[in-house]
Amino acid sequence: MTLVAVFFYLFAILCVVAGAGVILARNPVHAVLSLILAFFNAAGLFVLLGAEFLAMLLVIVYVGAVAVLFLFVVMMLDVDFAELKAGFIKNAPFGLLVAGVVLAELIVLFAFRDLSLGAAGVGAVSSPVPDVNSGISNVDALGRLIYTKYAFFFQVSGLILLVAMIGAIVLTLRHKTGVKRQSISEQVSRNPKDAVEVVKVPSGGAVIPSVEGQ
Amino acid sequence: MSELANISAIAPEIVLAIGAMALLMAGAFSSKTASVSTDQIVETQHESGMIWAGIAVLALACALIFTLPSESQLIFGGALVVDSFSQFMKVLILIAGIGGLILSFDYLEGKGLSKFEYPVLVLLSCAGMLLMVSANDLISLYLALELSSLPLYILAAFHRDNLRSSEAGLKYFVLGALSSGMLLYGASLIYGFTGSTAFSEIAKVPALQDGVLNVGLIFGLVFLLVGLAFKVSAVPFHMWTPDVYEGAPTPVTAFFAAAPKLAAMALLMRVLGGAFSGLSDQWQQIIIFVSIASMVLGAVAAIGQNNIKRMMAYSSIGHVGFALVGVAANSQDGAQATLVYLAIYLAMTLGVFAGILAMRRHDLLVEDIDGLSGLAQNNLPLASGIAILMFSLAGLPPLAGFIGKLYVFSAAIEAGLYPLAIIGVLASVIAAYYYLRVVKVMFFDEPKEKFSPVHGKLSLIMGAAVIFIIGFMVVPSPLVQAATDAAKSLSFLK
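These protein sequences, in sequence, are chains A and B.
Take any residue in the first sequence, count from 1 to its spot, add 312: that is its number in my numbering.
Take any residue in the second sequence, count from 1 to its spot, add 58: that is its number in my numbering.
Warning: the hint list may mix true and false statements.
Derived DSS-like pairs (lysine-lysine); straight-line CA-CA distance at most 30 Å [claimed, not checked]:
(1) Lys169/B with Lys488/A
(2) Lys488/A with Lys498/B
(3) Lys262/B with Lys461/A
(4) Lys546/B with Lys169/B
(5) Lys508/B with Lys498/B
(6) Lys173/B with Lys492/A
(7) Lys402/A with Lys262/B
These are computed hints drawn from the structure, not numbers from a lab.
Start from the sequences, fold in the hints, and give me the full structure.
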């Protein structure tokens, strides 16, 4: 058990540190790299919980696809981060004030239960973590739930993704006219007979080539 | 297969989803040929055919709702519930969808925005809203909310070459994402403190344990309410409304003002009454505050507006406040009053937006209120139609708007919420000023240039709205009876 606890604190502390790194790093590329580190540590926490499938998904989807995409965007976009930071500094006092008020409220509510504000712990239900050694693998268990009990949620999620796709197309696709595109079939079906024209050049004269197909 | 036993109860939603996908396929595969042919007229006819098909799908879904039995049924293991309350709201939402599509024909063609995706997005959004009304579980609540909101963000930015439209879409999207985040945080707290996502299980967790309040649950409820208040654009989460309403294409604004508010109000009623009936003392305070703030801000902030779409945005904030009065009453009478109010609000909103779309000069919409001067001399039927709708929005007796307000305020008084009712009456008196200003400008100011003639479809919608408003004061019983039946199915209310 202690080994698990050691790893839990290792992953948890690294995750928090990396999370802080995301918002504190001066260089946006470093921020994204910290984000990737945070994802890896969160995946480690999932492994400790016995949710290997979620851990794999986190690594493959978030690290492999999303974070790398972020990295590309950050590198490609010419965003003046110094200017963004200036705005951040300007609004920081107000943000800190709001954060401080919320934090104070949370502390009052959750820590000082004697202030007759009620106990936060009342009614808390221990998280329904399933038995890890039940003999059913993660994927098996997820599959059994998603395609039976939660089939409706699964279908609606599919519709939401469809909407996202339609939206991306509607808002960005432009049918440009007059763009010269490569047409493989046209290239392949070309033959020397109509591609090459043999003309007799009269001496001292010039030949204006006949333009075909236009 | 037990999960699919009574799947026919959500046939309307299935019809909408399949219809949307079929239209998407039809549009994607036929528009290729349309873009090759340079004949512009053929293309627009094709697109308006898509809108007609969208209207047909919505009408079919609406007809299917009437075939459903009125007793309450649970579907998908309690994820959804279909009862007469949900049927009532679904019919209203589908009417809003049909109205929104009919209003958009000429506008989209005029702006060169006829794309087949428009009706598809409206259909998918309507499907999400119908699911919202039926949601009986935190997961279905969230998924339905997202399914209904995402198409709305896209529709707000549909006029993508227009800066204001893009700004409206982006603003709506970012703030909508923020509110979704709050809602999810609240949902996670509720799940953590109850151990279930189903409304019926959440309702079983007592608010008081050993004499102390379940603070964690209340925290979750507050965050959930923040998310929902954003969706109905109630004060203090209304900031996005005027900008989005002004920037979005006008028929889209009409749809925004009608359908999503109805769906979110229905969801609010079911969450508060169904899942948190034990915490009614707590959420009643919140709803009373939100309601008063919305009514007052809707009345005061609209006075200084000169753009009629912005004015209607503040007006819709105010009307949400009035509808919330009935929710605050926490009784069956209150629920019935809210339902009647929402139905009347729907008719008035669609009618007014048809009027706004009809007021054009040189084929441009007249959005400034000052620009409407002398409409009565140019087009008396249009001006008098708008005047009747404005009188009804202001709540002048004996029009439908007045009767709706009467219902919600009497429900509040029966529940002993006297301050709420008094402030509501005062707010509606203040609000009457700016509605009457529009009438004054139309009838008594110097006429300017002539207005363009009105399209037939717009006058159809406006005529229907005016007939409904006048007809309701003559024969109110069908709607009131339906609302009473619907409120009765919310059995958790007193």
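Verification of the supplied hints:
{"no.": "1", "hint": "Lys169/B with Lys488/A", "in the structure": "holds (19 Å)"}
{"no.": "2", "hint": "Lys488/A with Lys498/B", "in the structure": "violated (49 Å)"}
{"no.": "3", "hint": "Lys262/B with Lys461/A", "in the structure": "holds (22 Å)"}
{"no.": "4", "hint": "Lys546/B with Lys169/B", "in the structure": "violated (46 Å)"}
{"no.": "5", "hint": "Lys508/B with Lys498/B", "in the structure": "holds (18 Å)"}
{"no.": "6", "hint": "Lys173/B with Lys492/A", "in the structure": "holds (25 Å)"}
{"no.": "7", "hint": "Lys402/A with Lys262/B", "in the structure": "violated (48 Å)"}
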